[in-house]
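Enquirer: Below, each chain spelled out in residue letters.
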Amino acid sequence: SQQGEEDPQALSIQEGENATMNCSYKTSINNLQWYRQNSGRGLVHLILIRSNEREKHSGRLRVTLDTSKKSSSLLITASRAADTASYFCATTGGGNKLTFGTGTQLKVEL
Amino acid sequence: KAGVTQTPRYLIKTRGQQVTLSCSPISGHRSVSWYQQTPGQGLQFLFEYFSETQRNKGNFPGRFSGRQFSNSRSEMNVSTLELGDSALYLCASSLATWDANEKLFFGSGTQLSVL
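Chains A and B are the protein sequences, given in the same order.
Counting along the first sequence from 1, when you hit position 55 you're at 55 in the working numbering, and nothing is skipped either side.
Counting along the second sequence from 1, when you hit position 57 you're at 57 in the working numbering, and nothing is skipped either side.
One or more of the hints may lead you astray.
[To be verified] Going by beta-carbon spacing under 7 Å, a handful of chain A positions derived as facing chain B: (1) 36; (2) 40; (3) 43; (4) 48; (5) 77; (6) 78; (7) 80; (8) 96; (9) 100; (10) 102.
What the hints contain is simulated information worked out from the structure, not anything from laboratory work.
Using N, Cα and C, we set each Cβ at its ideal position, and we do this for glycine too.
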């Protein structure tokens, strides 16, 4: 069963706008990661935030983590059509056994 | 550096048959994990192998098994296929250092259809 719930399930925005996705989880974690998946292909790692970190940036990505609320958010700034994909959060208590969220389908329109 | 390679890309089987999927990790990566992705259940962890030993296992029936070879390549096997086994099977590899904060590198997956 999945641990994480993501919100919204689907998001449609115009190119140049910002996209925000949220993830909630249930148990204590070692870290939280975000992955992107294009059209049912493999997942691509975007960013990892450790449980003792509150915010992390990577290029146009900004991730926040609130362990007290067991939630995280992913912000993609200045979205491009190429950002169209499904985005998943994944948590682990240690090791490579990841528990994935339900995913957010992002569509960026020209 | 070559990425994670999964073969075959597509597979069609009938109920009751068995299937073997293959995964070649990135060179130097010692951990290989397998995940099942379906529209209904999403992404679920199957098992992880490190140095030819199963290190972690998800909540799947014994029909799902795997192994890892000395060159870190891995195979997973599903016996007595059921319609519900239709899914995208993803393999992921990592360095498996002692740092628990590792990212995974995924292959493109094997799309299995059970008729």
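Enquirer: Now tell me if each hint is right for this structure.
Expert: Against the structure, the hints:
A distance limit of 7 Å between C-beta atoms decides the matter here; for residue 36 of chain A the minimum to chain B is near 10 Å, and the interface restraint is violated. A hinted interface residue such as residue 40 of chain A counts as satisfied when its beta carbon comes closer than 7 Å to some beta carbon of chain B; here the least separation is about 6 Å, so the hint holds. Against a cut-off of 7 Å between C-beta atoms, the interface hint on residue 43 of chain A holds, since the closest Cβ of chain B lies about 4 Å away. Look at residue 48 of chain A: its Cβ gets to within about 6 Å of chain B, closer than 7 Å, so that hint holds up.
Against a cut-off of 7 Å between C-beta atoms, the interface hint on residue 77 of chain A is violated, since the closest Cβ of chain B lies about 22 Å away. Among the interface hints, the one on residue 78 of chain A is violated; its C-beta lies about 24 Å from the nearest C-beta in chain B, farther than the 7 Å criterion. Of the supplied interface hints, the one on residue 80 of chain A is violated, with its beta-carbon coming no nearer than about 22 Å to a beta-carbon of chain B, more than 7 Å. Taken as an interface hint, residue 96 of chain A checks out: its beta carbon lies about 5 Å from the nearest beta carbon of chain B, inside 7 Å.
About 4 Å separates the beta-carbon of residue 100 of chain A from the nearest beta-carbon of chain B, less than 7 Å, and the hint is met. Annotation: interface hint on residue 102 of chain A holds; nearest CB of chain B at approximately 6 Å, less than 7 Å.
When the structure is compared with the earlier hints, violations turn up for hints 1, 5, 6 and 7 and for no others.
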